Structure formats: C-alpha cells, structure tokens
Amino acid sequence: MSNCSTTGPGELAASFYADAARQHRVTITENVPLARDTWRVRFECPAIARTVVPGQFLMLRLPAGNDPLLARPLALYDTVLDAKGQPTGVDVAYLVVGKMTARLSELRAGDELDVWGPLGNGFAAEPVDHLVMVAGGIGQTPFLALGREYAGRRRYGNPPRSVVPAKAVTLCYGVRTVDYLAGEQDFAAAGVEVRVTSNDGSVGRQGLVTAEVDAVLDEAAAAGHSVRLVCCGPEPMMEAVAELAAARQVACQVSLETPMACGIGACFSCVVKVRQPEGDWDYKRTCVEGPVFDAEKIVW
Amino acid sequence: MTAAATDIDLSVPLGRLRLPNPVLVASGTFGYAREMAPFVDLARLGGILPKTVTRQPRQGNAPWRTIETPAGMLNSIGLDNDGVDAFAANHLPYLATVGCPIIVSIAGRDEAEFVEMAAMLGEQPGVAAIELNISCPNVSGGIDFGTNASSCESLVKACRSATPAPILAKLTPNVTSIAEVAKGAEAGGADAISLINTVQGMAIDWRRRRPMLGNVIGGLSGPAIKPIALRCVYQVAQAVKTPLVGIGGIATIDDVMEFLVAGASAVQLGTVNFYNPTAAATVLDALPKALADVDATCVADVVGTLQISPRD
Chain W
1 MSNCSTTGPG ELAASFYADA ARQHRVTITE NVPLARDTWR VRFECPAIAR
51 TVVPGQFLML RLPAGNDPLL ARPLALYDTV LDAKGQPTGV DVAYLVVGKM
101 TARLSELRAG DELDVWGPLG NGFAAEPVDH LVMVAGGIGQ TPFLALGREY
151 AGRRRYGNPP RSVVPAKAVT LCYGVRTVDY LAGEQDFAAA GVEVRVTSND
201 GSVGRQGLVT AEVDAVLDEA AAAGHSVRLV CCGPEPMMEA VAELAAARQV
251 ACQVSLETPM ACGIGACFSC VVKVRQPEGD WDYKRTCVEG PVFDAEKIVW
Chain B
1 MTAAATDIDL SVPLGRLRLP NPVLVASGTF GYAREMAPFV DLARLGGILP
51 KTVTRQPRQG NAPWRTIETP AGMLNSIGLD NDGVDAFAAN HLPYLATVGC
101 PIIVSIAGRD EAEFVEMAAM LGEQPGVAAI ELNISCPNVS GGIDFGTNAS
151 SCESLVKACR SATPAPILAK LTPNVTSIAE VAKGAEAGGA DAISLINTVQ
201 GMAIDWRRRR PMLGNVIGGL SGPAIKPIAL RCVYQVAQAV KTPLVGIGGI
251 ATIDDVMEFL VAGASAVQLG TVNFYNPTAA ATVLDALPKA LADVDATCVA
301 DVVGTLQISP RD
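Protein chains in written order, with our numbering: chain W, 1 to 300; chain B, 1 to 312.
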C-alpha cells in the first residue's frame, strides 16, 4: 500500500485514493427508475462498499462488446447494508444521456457489470453546524451518502471516517420540471431537509436554486450556525454558487463532472483549470485530484 | 508434440534491448505507472512506456480531450507533461523500482531537443531504452520526423550516437507509405520500430456545428484501428529486418498473437488500459498457453509466420 506515498508535486494528492481501487465483475441486484430518464442501479460489491466515502466515484462498464467501449464515471449514490448492518452493496444513480447509459438502463437483476473504484478524493469530513448541499439535476447523486453521514446515520470508509454530526443538513435541489425530481424520499429518510426549486414551477419554488441557497444561508446566519456549501450540477450553476459562497465568505466545495476515459489518472483527459499557489492556473485531472475541489481554486 | 506452457521462453530481443516478455504497455495509456499499480503487478510486464516527456513543460490541449467513437476513442491530449527535468525528479525514481524495463517516450520540437533528452535520460538509472515519439498527431513539430524517411534516419542516427541506450522509433500511420519511413528508422540504427501511433480523426456535434474535441482533430485508437495497425505491421515486416513492436487496438490474447504472426516481436497494449485496467495481466496469463497451442517454444517461433498462399 505504499505506491501513493511517494507522490511528487501535484500527483495523486488524494491520500486515500487508488491503492484501495480494484476492478470487479459484479452482478446487478436491482435497476429501477427514480424519475424521468433517471435510474438507480444496485450491485453487490463488499470491497467497494466497505471503503468508499461520499463524493468518490466508480467507473462502470458494460462487459460485453466494444461499443460502447469506455466505462463511465458515476458517483456513489449510497452504500447498501446487509442484515448485520455491514456495507456490502453499492447504489449508483444515473441519467440516461447517451448510448452507454441507455444500455445500462436496459440491464436487469442478474446481469453483470465491470466496475472499478472507489476513485477520486471525496468530500471533506470537517465539522460544521449546518451542511448545505446544492444540486442541479442529476448533480444530486453525490449528496445522499454525504447527507446521511452528516446526519449521523452512517459511517463510510475503511477505517470508517469520523464526522461530527451537523445540527442541520439541507439539500437545495434544482430540477427542470417535477418529472425529473429523483430520490426526494431517499434524502428525507436519510435525515436531510429537502428544498426543491424548478425551472417551470411544477414543483417547489420557481426559479434558480441559488435563490433557495441564499434563503438557507440567511436562516443559518440568524441561528448563529457555521455553514459549509457543497455543490454539484451544471457548470453555470456551480459557478454561480461559487460566486455566492465567495461573496458571503462561506466555504464551498464543488464536485466536477468531466469526460473521462479511464477514471484512474492514466489518460489525462479529464482536466480542469485549477488555480496554483503562484496565482496562475494549470490543468489538473478531475479523476485523481478531484472530483471534489475547493470552489475558489477552480478557474470557471 | 505440444510444448508445455511452463517451458516456454517468453523473453524477446529487440536489438540491444532484451525484454522478459513481449507484452508492454503503450505511452500515454498507462500514466506514469503509479496510477496503474493497484490494477496490474507492474513487475510482470515486458515493459512500461510512461507518458511522453518533452524538453519543456507543456500544458496540453484545451478540453474536451477525448471523445468515444464506435469501438474506439479520439484523443487530443497534446502531450500534457511537466517536462523532462520534472519527469526525472518526480517519476523516474518510482519507475526505477517497479521491476520491469522502463522505456521512456520522448518528443522534441526539433532534432536538438530529441538528442538532448536522449543523452540526459540514457544516463538515468532505471531507463532501459528510449522510444522516439515522432508520430504524435496532436502537436506540431515532432511528427515531421515520422513522415519523411530521410529526416527519420537522421534523427534516429543522432539519438543513437548521443546515448548508449537502445532506441525505438514510433511511427505514425498517417503517411502514404509507412514502410518507407520504417526503412529510414532502420538505416538510422533503430533497435526496434514501434507502430502504430493513432490515426488522425474527427468527431462533430452537427446540431451545434462544433467539433467534439477542443483541438478539433485528434488521434483515433482502440479496437477500431486494429486492422490498420495489423496491415502496417505486415507491410513494414516485409520491408525491414529491424524488430517491430505492434500497437493499435490490442486488447486480448488473440490480438497479441495476430500481431506476432503479422511480424511484431512484441506488442504494446494501449487504449484497453483505459477501459479494462487489468487487461495486461489477463493477456500475460494467457500467453504461454497460446504459444504452446501452436507448438512454439519461444516467442520468435511465431513472429512473422503469416502464410500467404492461395486458398484451397
């Protein structure tokens, strides 16, 4: 387990990344729709379920054939516990956007997948009074496990990482229309307060999710609560939330989605512009230096 | 009588370089090896080619840098790397410990940069050989050496005299006659010729009227280009005596055997490392039996054994 202890500058900064990652052939136990074009696939994989932490991702590939060829990076939705309370299964939620995800949605219990992970760095585990999670569309997927962790309901990682339960955990969740609203009950059951906004007003407050974030931050300030933001969704939304966080001097992490070929740092496809200590920027790999970054470090 | 799989000699000579087996991993598809260590026992590999290094740091091309195409992928990474000094300081010390031959891939903007890097790297502990990347389609400069036989010859000769390390020349298929360029590499004294680099290609989002890649044009790799690579290996094997290293869509043991029969003495697995990170180990597991199945006792027994004859 020493391969990543000799990292050079800027290489594999996530200390718990990679050495725990393995490739597995797994069997699907469930593949169910959550909302329009939105699915949740569940498979047994104790090795990943025991070690994964919120914000990390997995690569999923269809085992047979060469088209689609590449795996897709998909965030952990949550772990699944067995009868003894041990994490043995993994849930991944996904939006059908292309050939691979369309084929994935056609798979059923008993079908197999090639999976490697857990990958990437995951969200910080620092204590805070009020964790505010901001999601746009399918960007809600990395937040179920994180919300459950901060609500004090489950621990993640091996050894399990310690998170001081927050006094409040809120998901500000922006969707296009009500039919894309996915997993609201999952969040509620995990101890997360869900506040929905929609583009057309078909569910929740009509308008942008940032307005809801402003309202939650005002309430937290009135209660004297310390706050951290985490955000995942379309890039313009994340940029807006990052600006809002900077203006209100609230710590903010974003989870980025970029096209990846390998997910493990080999291909150098998934780069984003990350601010360097000297003030300029450099391309950094989302897969090994992210996917979670401090918002202030991203050059949008 | 079929040879026992355990008795087969897997070692492969490539000019002055001797490899423990013919299964290598291609530059640009294996990071700096450290990234792949959780998936493959690196010490088993016939050789590792880390991501190409350049004299100066290069930021690489703007995203998107890869896009999937049917049975393949396009990339335009643009030789994103921290430069040869940082490579020697940050990556070589680790690579020197992994226990298999390290063949460093270099790309210069001109002959002087190639020669300087070859001389510098050839003296570093842990460097078994140097591969000249004269075929990257995503940067200007280096590819010129891979499209012209006489400049290829001149470059290989200059690098050979600059370092005692064995020299491989990696060729591009984006030429009229790859065999002509290969003859230049041979005349220059290359210990081996690697082929092929990616095939130039393009993908378009017609609704937005935009290219999918940030760099507009990229290089196609993966199973889609395997027939092109096999054809190139076959043609070059007819034209030169220099050992060949086959590259292009190799993913399975059958692919490996096809390249050996076509005339390659060794192979590099490339894009498959992205979509099946344990592929090199799987192929290595299967190699002795595949050789035994055709009564080979060493790799050379199958290299270039393609039979061209009228069908019965």
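Honestly, the hints are just simulated from the structure, not real lab data. Some hints could be false.
[What the hints assert, rightly or not] Here's a subset of chain B near chain W, in silico, CB distances under 10 Å, partners left out: (1) P13; (2) G15; (3) G31; (4) I77; (5) A158; (6) Q200; (7) P227; (8) N276.
[To be verified] Covered, in the sense of this in silico footprint (three residues per stretch, anywhere, with C-beta under 8 Å from a C-beta of chain W), are these stretches of chain B: (9) 66-75; (10) 116-129; (11) 288-300.
No experiment lies behind these values; they were computed from the predicted model shown. Think of the CB as a built atom: it goes at the ideal place given N, C-alpha and C, for glycine as much as any other residue.
Does the CB of B/P227 sit less than 10 Å away from some CB of chain W? Check failed: Cβ of B/P227 comes no nearer than 13 Å to chain W, outside 10 Å.
Would you settle whether the hint for B/P13 is holds or violated, based on the nearest Cβ-Cβ distance to chain W being less than 10 Å? violated (29 Å)
Is the interface hint for B/I77 satisfied, with its Cβ closer than 10 Å to some Cβ of chain W? This interface hint holds because 5 Å falls under the 10 Å limit.
Coverage claim, chain W over the segment 116-129 of chain B, checked by counting residues with Cβ within 8 Å (three needed): violated (count 0)
Can the segment 288-300 of chain B be counted as covered by chain W under the rule of three residues or more with Cβ-Cβ separation shorter than 8 Å? It is violated: at least three residues are needed, and the segment 288-300 of chain B offers just 0 whose Cβ sits closer than 8 Å to chain W.
With a cut-off of 10 Å, does the beta carbon of B/G31 approach a beta carbon of chain W closely enough for the hint to hold? Given a least distance of 4 Å, the restraint on B/G31 holds.
Are B/G15 and chain W close enough, Cβ to Cβ, to be under 10 Å, as the hint says? violated (28 Å)
Close enough to count: is the Cβ of B/Q200 nearer than 10 Å to one in chain W? Violated: closest Cβ of chain W sits about 18 Å from B/Q200, beyond 10 Å.
Please check whether the segment 66-75 of chain B has three or more residues whose CB lies within less than 8 Å of a CB on chain W. holds (count 8)
B/N276 was flagged as interface toward chain W. Is the shortest Cβ-Cβ separation under 10 Å? Result: holds, 7 Å to nearest chain W Cβ.
Hint validity - B/A158 Cβ closer than 10 Å to any chain W Cβ: Result: violated, 29 Å to nearest chain W Cβ.
Violation of the numbered hints given earlier is confined to hints 1, 2, 5, 6, 7, 10 and 11; the remaining hints are satisfied by the structure.
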